[in-house]
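Undergrad: Each chain is listed here by its residues.
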Amino acid sequence: MNKSMNMKAIESRQKRIRNFSIIAHIDHGKSTLADRILEYTKSITAREMREQLLDSMDLERERGITIKLNAVEIHHEHTDGETYIFHLIDTPGHVDFTYEVSRSLAACEGALLVVDAAQGIEAQTLANVYLALDNDLEIIPVINKIDLPSADVDKVKKDIEDIIGLDTEDAVLISAKEGLGIEEVMNQIVEKVPAPKGDPSAPLQALVFDSFYDPYRGIIPSIRIVEGTLQNGDIIKMMSSGKTFEVNEIGVTTPKREPRDYLGPGDVGYLVASIKNATDVRVGDTITRKSPSATAPLPGYRKLNPMVFCGLFPIDSDDYPDLREALEKLQLNDASLIFEPENSQALGFGFRCGFLGMLHMEIMQARIDREFDIGLIATAPSVIYHVHKNDGTMIKVDNPVNMPEVQDIESIEEPYVEATLMTPKEYVGNIMELCQQKRGEFKTMNYIGETRVQVVYHIPLLEIVYDFFDKLKSHSKGYASLDYTFDGYRESKLVKMDILINGETVDALSVIAHRDFAYHRGKAICEKLKDLIPRHMFEVPIQAALSNKIIARSTVRALRKNVLAKCYGGDVSRKKKLLEKQKEGKRRMKSVGNVDVPQEAFLSVLSLDD
Amino acid sequence: MQGLYIHIPFCTHICTYCDFVKTMARENKKRRYVDALIKALNKIEAQTFDTVHIGGGTPSCLDHALLGRVIETAIKVAKHPKEVAIECNPNDITIEKAEMFKTLGINRVTLGVQTFNGRQLKALNRSHQSADVKSAFSILRSVGLDNIAVDLIFALPGQTLEDLKVDLHQLIELAPRHISTYELIFEPHTVLYYNYQRGRVNPTDQDAAAQMYEMIVETLTEASYKHYEISNFAKDDHVSLHNLLVWQDEDYIGVGAGAHSKVGNTRYGNTRSIEGYINAIDNNESPRAFTEKHEGIRDAMIMGLRLNEGVHVPTLNKKYHTNLFKAYPAIKQKMTEGLLVFENNRLMLSNRGRLLGNLVFEIF
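For the protein sequence lines, the chains are A and B, in the order given.
Okay, so the first sequence: first residue is 1 according to the numbering used here, each after it adds one.
Okay, so the second sequence: first residue is 1001 according to the numbering used here, each after it adds one.
Heads up, a few of these hints could be off.
Stated by the list, open to error - Dumping the calculated DSSO-like pairs for lysine-lysine here, alpha-carbon to alpha-carbon at most 27 Å:
no.: 1; chain 1: B; residue 1: Lys1332; chain 2: A; residue 2: Lys303
no.: 2; chain 1: B; residue 1: Lys1134; chain 2: B; residue 2: Lys1293
no.: 3; chain 1: A; residue 1: Lys583; chain 2: B; residue 2: Lys1226
no.: 4; chain 1: A; residue 1: Lys583; chain 2: B; residue 2: Lys1326
no.: 5; chain 1: A; residue 1: Lys177; chain 2: A; residue 2: Lys155
no.: 6; chain 1: A; residue 1: Lys576; chain 2: B; residue 2: Lys1134
no.: 7; chain 1: A; residue 1: Lys576; chain 2: B; residue 2: Lys1326
no.: 8; chain 1: A; residue 1: Lys438; chain 2: A; residue 2: Lys577
no.: 9; chain 1: A; residue 1: Lys575; chain 2: B; residue 2: Lys1318
no.: 10; chain 1: A; residue 1: Lys575; chain 2: B; residue 2: Lys1039
no.: 11; chain 1: B; residue 1: Lys1293; chain 2: A; residue 2: Lys581
no.: 12; chain 1: B; residue 1: Lys1293; chain 2: A; residue 2: Lys583
no.: 13; chain 1: A; residue 1: Lys177; chain 2: A; residue 2: Lys42
no.: 14; chain 1: B; residue 1: Lys1332; chain 2: A; residue 2: Lys576
no.: 15; chain 1: B; residue 1: Lys1332; chain 2: A; residue 2: Lys581
no.: 16; chain 1: A; residue 1: Lys577; chain 2: B; residue 2: Lys1134
no.: 17; chain 1: B; residue 1: Lys1319; chain 2: A; residue 2: Lys575
no.: 18; chain 1: B; residue 1: Lys1293; chain 2: A; residue 2: Lys586
no.: 19; chain 1: A; residue 1: Lys581; chain 2: B; residue 2: Lys1235
no.: 20; chain 1: A; residue 1: Lys576; chain 2: B; residue 2: Lys1235
no.: 21; chain 1: A; residue 1: Lys577; chain 2: B; residue 2: Lys1235
no.: 22; chain 1: A; residue 1: Lys575; chain 2: B; residue 2: Lys1134
no.: 23; chain 1: A; residue 1: Lys473; chain 2: A; residue 2: Lys155
no.: 24; chain 1: A; residue 1: Lys549; chain 2: A; residue 2: Lys530
no.: 25; chain 1: B; residue 1: Lys1332; chain 2: A; residue 2: Lys575
no.: 26; chain 1: A; residue 1: Lys577; chain 2: B; residue 2: Lys1293
no.: 27; chain 1: B; residue 1: Lys1319; chain 2: B; residue 2: Lys1293
no.: 28; chain 1: B; residue 1: Lys1235; chain 2: A; residue 2: Lys586
no.: 29; chain 1: B; residue 1: Lys1326; chain 2: A; residue 2: Lys577
no.: 30; chain 1: A; residue 1: Lys425; chain 2: A; residue 2: Lys471
no.: 31; chain 1: B; residue 1: Lys1332; chain 2: A; residue 2: Lys586
no.: 32; chain 1: A; residue 1: Lys549; chain 2: A; residue 2: Lys438
no.: 33; chain 1: B; residue 1: Lys1293; chain 2: A; residue 2: Lys237
no.: 34; chain 1: A; residue 1: Lys586; chain 2: A; residue 2: Lys576
Said to hold, decoys possible - Among the chain B residues that face chain A by a calculated CB cut under 7 Å, a handful are:
no.: 35; residue: Ala1210
no.: 36; residue: His1260
no.: 37; residue: Phe1361
Hints are computed from structural coordinates only; laboratory data are not their basis.
Backbone N, C-alpha and C define an ideal beta-carbon position, used for all residues, glycine too.
Extracted from the complex, chain B is given alone in its bound form (with noise of 0.2 Å):
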């Protein structure tokens, strides 16, 4: 399996809380970027992916034009990919964006919701309204775009248990096949930690984000959603192919500003500036920032717990050469504290322990 990431960093408005790759550009920095876009994926030797993600920032915002290109370039580069997956802002959602998304070969939109609650929206300076979100919905459906996943954020400022309660109903209500619920955090470089510092607004307390995250569970499972990694539901089987396979160790490979790809035993990631990334295509130069090895085992493990289902002892064994309880005895230290269980040849997260991940996590 081999994923191909896109990054698109370009937004119509800077969310307060975004760390991500992003900037409010003019059109002729987005055509220059795209052009580069191209340019890379083009380079890519001969390879076949199975997962292609189009993510920002805000792909959307990009003219139909220009995304259309990187849309046909990336399908084209990946032959034949089962999952094409773009990040959307709803509002960015229209007739004609649906149709063309259809006819191209997108299967797959994450509509980035956040919340339902208007004055959350706003602080978050997201630029949607919770209309647009529903508005957004019956578009892609009428288009034939059923495969529609959507991020929420919990945690928000001021958010209690029955605001959040009340997102995640209005979300069951409008049914995506997917669900990832993130916890808002306090990123350096960014408006929401800027007015941190300077006592404007406060972290949730992580009590109350506990509970919360329980809720969450609770709610959606009863939905019919399957929890199936920390932050991750899915409706009938539609997981993430393209997420799954960075939880599972598979290789991908990122183009973009910022974007970090993973092949075989080395990790790198390209230089976050965006005019050094036009720079460094057009010159016909490595856009890499830093390259590092891939430390086998303690990321597969960082990453593969995150699943529900865990790592499969066995296979993690014979693929990295090694006896995972005797190269890490704290494992059976974290199962007596009840944090990790193992079943079925399977090492994986108690329900205690997906809360408290990290503590398991640091042990690798």
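Excised from the complex, chain A in its bound form (with noise of 0.2 Å):
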């Protein structure tokens, strides 16, 4: 230990910090709350605000949600005439990220509830609020938009005592948006959420609980001390997989990056380590000195596995090369996305992509079409299969073109989730419905307060990343919300489906069906298909086929007429612009044979109405 080290400062800078994160759901007012917190602390100006917001991403903002923030160092003068360490630990907000907030929970000793004061506890929330007792997390229950007409809170805390048994008695009342309550929020962190435990000297133990990349020093963790110190030069060990990296800097995140010279216990930061491949930080995994080194890792990691799976294609195929770069840029900032290259007959070369659930898969794609402006292709999404062969060989797929044929298959066996839905009453029957139709098997139902069910079912995941989410909003006029972990492989009568454009497979549209639905699917893929279809100047016949019996069908008929029959006098341009737009629309589709095939084809499988 270097001797510079005062041991004293250390304690006493630990005792005066409190590591907290805040679960809400989306749009009970979390980024609000965090904004108000920074202001009342002045951390940041409003402008540097500003601009850090304007840093995360679009896609953040467009959908309501958080996907990651930095964690941010915030200096808080107590009534007590103490200075206090507040580290403000954001966590994802979605269900895709589940794992995530585990770890960044794990960074903390307490936790905001925030709860919207009209709204009530969704399944998110509540999954969440689990997470932090599972992690030993002081809860402070903080009941937001309370200047809301509608607002109800004692209803609220009634349902935060029922649900989750936490008492209210000393609920923070607050409007995040006018700025009220804020200061007793403040005081109930620094009184309530624990100074963080840890030993200075004994040996390094820090949480890798979020990555960033940077073009000039590589991937750099989040991490926060647990047990021990880090300073600059250290050699670290990554716990699980061994690897060493040599620290060039380290710091906190304010939200610039400053760099200390240490930390100490209870710290939460940030370090350079020359780091250059994204899948050596593994969210969850321990860092520690390579000597002398921790006898174990902190509990709670496991490397992430991607559970949904679709195939990616640059509509140009000379696009190719920049769709793996992107894929690569992407990766370093997210180890958990992953891909390998495909080569589809109908859409050529591209990369079979997994994620972690439905969401992470839209953000990516968003991302990779914004960010690097390539025209993309997305295959149907996928769930890997479990395929016994009559040999007594089991494989993996998680790709209908790669499913084996028929005669070859002895059972396939899908992965199931256990789906815990929240919904106003008057909804349940319509839920209960689509979860039946969506091969759901019932599990409980619970009433929460006297408005409020949760049911939990037990789903293919295949269903539920189809158009589980869409359905689940309509059913519900939105108010429904899910939450759905892993619960093992079943046996399924599932098939193969293929889908024939003018005779001839387009691999890419092949999906996994079960047998009972298989003709109902095949028929309304046929049906949107042929709307999606532009018509051609000939007949373009469009087919489904379970090892080559053609279940349904359906024609696009051909194209009699397109013609400007308009009178546009001398306007040239007018009809420039039009057939601009024609040549535009045909940019963006994918030639198969000699048919055109749209974009949003290759997801006709999705949202189907049935």
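Dock chain one against chain two, each of which comes alone in its own frame, and use the hints as you go.
TA: In structure tokens, the structure reads:
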């Protein structure tokens, strides 16, 4: 240990550290409260705050969700005259990122549970509260939006007590929007959230709860020091892989990166160690010093496995190298994204990609489109099937194209999830009907307070990755929420369904479906494709087939008329604009044989109107 | 060849489908606009024009004196034009107006008939009734204005093939010298589009529209009208000279709000704002809203192929120093697909190609 390190100072600092995160459902006011806390402590100026918000991805703001934000160090002068060090550790707010949430929470001693006074508790909130309780966090209930006319503070308090069992006597009533109650929030953080434990002289144990990519400095892990200290020049070791790196810089985020000489127990910050490969920095991993090394890693690390797969193909095949580069860059920031080259007869060269869930997949697709400007065709998402063959072997299939021939298959297993749904009671009938339609198996139902119901189903993940979210929202006017966890594999009667366009099988359109639903789904896909594929100069038949047996068909009739038969006078530019629009539309299509197929067609197996 | 177009953006009614520059204006505004037009016309440098086309809007809704000034000035500026055409609403044709037209030198009148079906006329918010059309024909002919052209619209909401047949036969009986048949298009910023967005009205199915188009071609050809452009038919070569020169890649100058021009390698369009136009002219400023390059061969092909006779390839090659077939190899593909025909050095749309013109135009 470096002599310049003052153990007394480290211990004094440790006592004044409060690490917490905010648990809230989408729209319940997490970001607004975070902004108010930052403002209250004058941590950053309004201008810096705006910039930080601008820096965060557009997608987050559009979707009203947080994907990731830096852990911010805040200084708060408390009424006792001491200056406390707050680390606000942000958590992603979506079911796809449950594991990441759990690691962020593991870096905290406390959490603010923010509940909308007019809405009550939602499924995701509940899931995250349970994660927080699992991590022994001190939870401070905060009831937000008390200024709304529809606010019902007593009911929300009762919900919190009944469902979670938290005492709400000291619940803080706030309006983050109006800035009401923020001081009380600060006081309770100081008084209720315990100071971090941890021995500065123990061997280093630092939890990786996030990471960022910097083009000049490599992968930068966000860390929480649990035991020991870390300083510049240390040789660190990743406990999951044993890989070692030399630390060039350590520091905290304010939200700018501010270098420090050392970090002690309870400190939340970053380290720079010229880490090139995103897979070397796994969220949940423990960093220790090469020597002396900790004897065991921190509990809870798990390698994240993608659950949902799809093929991504550039519309313009010349963009293939750019797509590879885009995926590599995205992976630097996000080790949970995996990809490998895939070759489709219909779509040419592309990549088979694995994601944590549907939202993760959508976000990645949108980022490739926006940040790298590559036109993409995404195939329908798939899950990993366990296919038991007649010869006694088992293979994992994440792409319908690789499904073995029917005669070679003994049985197929598919992943199931335990889905927890919360809904106002008037929609419970709709939601149960939806779950039945989706091959769900009813487990339990509980009333939460007088108006809300929690329903648990076991549902094939395949059904969730199709249109479940959209359907759930439309069946509940947007009020129902969902959380799910993996629940093992089960045997199912699954079949591969091929789609033929103009007599040719289009591999990228093949899907796995449950035998009992295949006919219905095949028919719906044919109908949908009929509407999506533009009319050509010739008739285009569309067929759905189960091992060469046609089970459904539709026809795109031949185009008869496409001409400007309107009086435009001398307005030639107008005519040309119409033609440009037509051409642009064609550019966004993929030629399959001699048929132009639009992007959307490849996702047509999703969101079918039943 | 060179044409002169004058835009009169005034109407007494606003038709539900119209997206041209138009307004229902007070007399004072019309007078200020006509003053501006005349100033703009007189500014056109010493040139001659083969055609004068007064369009709108509804030119015939201007009062006698204002309209007279526009016609007189236009003819004076054009210096002995071969064709002087004006667009009129059938119910605006009075014996006085017709006589003025004849006296001042109008030699072609285009009537916006659109349909003879009373219910459809009402749905389009046209101001005339079908009886007005017959009356307009006899008035115009009584003063010796025989060169009457008619605009017809098809694919009207709810229109059947039978309805269209009735329209065509009524029209043929009146024996206009020229017929333009335009498909009803649901354009944004129109009442029709507004109603469409609210689900109150739907465009005609494109297959039905194709059938209607084929029936129009067949019926009018049988009645000895020559089909000479995608939407245009003429008896005894009474083609629209003005439109012909637009299709044939010749120059034209447009005067008035929203009017377009093509001069050599430049295309430009005036502001669509009537007040903006008046102010620009009053202040001796340019009323142009945009200027763009005439895309030589591309524009020539998109326009020229609209004519049944197509384009004369050697002439085009010479004019644009090119080899059309080499510059656009896709032409061959379109010929294989049966959309284009090459005969006697002319490249033209086939019958099927005329219905699928956009698939050909887009290769240029």
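Undergrad: If a hint holds in the structure, say so; if it does not, say that too.
TA: Against the structure, the hints come out as follows:
A distance of roughly 58 Å separates the Cα atoms of B:Lys1332 and A:Lys303; the hinted pair therefore is violated under the 27 Å criterion. Our distance criterion of 27 Å between C-alpha atoms is broken by B:Lys1134 and B:Lys1293, whose separation comes to about 44 Å. Between A:Lys583 and B:Lys1226 the CA atoms are separated by roughly 32 Å; this puts the pair beyond 27 Å, and the hint is violated. Between A:Lys583 and B:Lys1326 the CA atoms are separated by roughly 21 Å; this keeps the pair inside 27 Å, and the hint holds.
Restraint check: the Cα-Cα separation between A:Lys177 and A:Lys155 comes to about 21 Å, which is no more than 27 Å; the hinted pair holds. A threshold of 27 Å between alpha carbons decides the hint, and for A:Lys576 with B:Lys1134 the separation of about 38 Å lies outside it, so the pair is violated. Pair hint A:Lys576 plus B:Lys1326 holds up; C-alpha atoms about 22 Å apart against a cutoff of 27 Å. Using a Cα cut-off of 27 Å, the hinted pair A:Lys438 and A:Lys577 is violated, with the two alpha carbons roughly 45 Å apart.
Under the criterion of a C-alpha separation no larger than 27 Å, the hint pairing A:Lys575 with B:Lys1318 is consistent with the structure, at around 25 Å. Proximity of A:Lys575 to B:Lys1039 is assessed by CA-CA distance (about 30 Å); at most 27 Å being required, the pair is judged violated. Note on B:Lys1293 and A:Lys581: the hinted pairing holds, with a Cα-Cα distance of about 19 Å set against a maximum of 27 Å. At most 27 Å may separate the alpha-carbon atoms for a hinted pair to count; B:Lys1293 and A:Lys583 meet this at roughly 20 Å.
A threshold of 27 Å between alpha carbons decides the hint, and for A:Lys177 with A:Lys42 the separation of about 17 Å falls inside it, so the pair holds. Only pairs whose Cα atoms come within 27 Å are accepted, and B:Lys1332 paired with A:Lys576 is accepted, the gap being roughly 22 Å. For the proposed pair B:Lys1332 and A:Lys581, the alpha carbon gap of about 23 Å is at most 27 Å, so the pair holds. Restraint check for A:Lys577 and B:Lys1134: not satisfied, since their Cα atoms lie roughly 39 Å apart, outside the 27 Å limit.
Distance hint between B:Lys1319 and A:Lys575 is fulfilled; the C-alpha atoms sit about 23 Å from each other, no more than 27 Å. At most 27 Å may separate the alpha-carbon atoms for a hinted pair to count; B:Lys1293 and A:Lys586 meet this at roughly 25 Å. Using a Cα cut-off of 27 Å, the hinted pair A:Lys581 and B:Lys1235 is violated, with the two alpha carbons roughly 36 Å apart. Pair hint A:Lys576 plus B:Lys1235 does not hold up; C-alpha atoms about 30 Å apart against a cutoff of 27 Å.
Of the supplied pair hints, the one linking A:Lys577 and B:Lys1235 is violated, its CA atoms being roughly 33 Å apart against a limit of 27 Å. Between A:Lys575 and B:Lys1134, the direct Cα distance comes to roughly 34 Å. Violation of the 27 Å bound is thereby established for this hinted pair. With a C-alpha separation of about 24 Å, the suggested pairing of A:Lys473 with A:Lys155 holds against the 27 Å cut-off. Between A:Lys549 and A:Lys530 the CA atoms are separated by roughly 20 Å; this keeps the pair inside 27 Å, and the hint holds.
Only pairs whose Cα atoms come within 27 Å are accepted, and B:Lys1332 paired with A:Lys575 is accepted, the gap being roughly 23 Å. The hinted pair formed by A:Lys577 and B:Lys1293 meets the criterion: a straight-line CA distance of about 14 Å does not exceed 27 Å. Using a Cα cut-off of 27 Å, the hinted pair B:Lys1319 and B:Lys1293 holds, with the two alpha carbons roughly 16 Å apart. Proposed proximity of B:Lys1235 and A:Lys586 is contradicted: the alpha carbons are some 40 Å apart, above 27 Å.
Our distance criterion of 27 Å between C-alpha atoms is met by B:Lys1326 and A:Lys577, whose separation comes to about 25 Å. Straight-line distance between C-alpha atoms of A:Lys425 and A:Lys471 comes to about 17 Å, which keeps the hinted pair within the 27 Å bound. Restraint check for B:Lys1332 and A:Lys586: satisfied, since their Cα atoms lie roughly 20 Å apart, inside the 27 Å limit. Of the supplied pair hints, the one linking A:Lys549 and A:Lys438 holds, its CA atoms being roughly 25 Å apart against a limit of 27 Å.
Pair hint B:Lys1293 plus A:Lys237 does not hold up; C-alpha atoms about 65 Å apart against a cutoff of 27 Å. A threshold of 27 Å between alpha carbons decides the hint, and for A:Lys586 with A:Lys576 the separation of about 15 Å falls inside it, so the pair holds. Taking 7 Å as the C-beta cut-off, the interface hint given for B:Ala1210 holds, the closest approach to chain A being about 4 Å. The criterion of a C-beta within 7 Å of any C-beta in chain A is met by B:His1260, whose closest approach is roughly 4 Å, and the hint holds.
A least Cβ separation of about 5 Å between B:Phe1361 and chain A falls short of the 7 Å threshold, and the interface hint therefore holds.
The structure is inconsistent with the numbered hints 1, 2, 3, 6, 8, 10, 16, 19, 20, 21, 22, 28, 33, although it conforms to all the rest.
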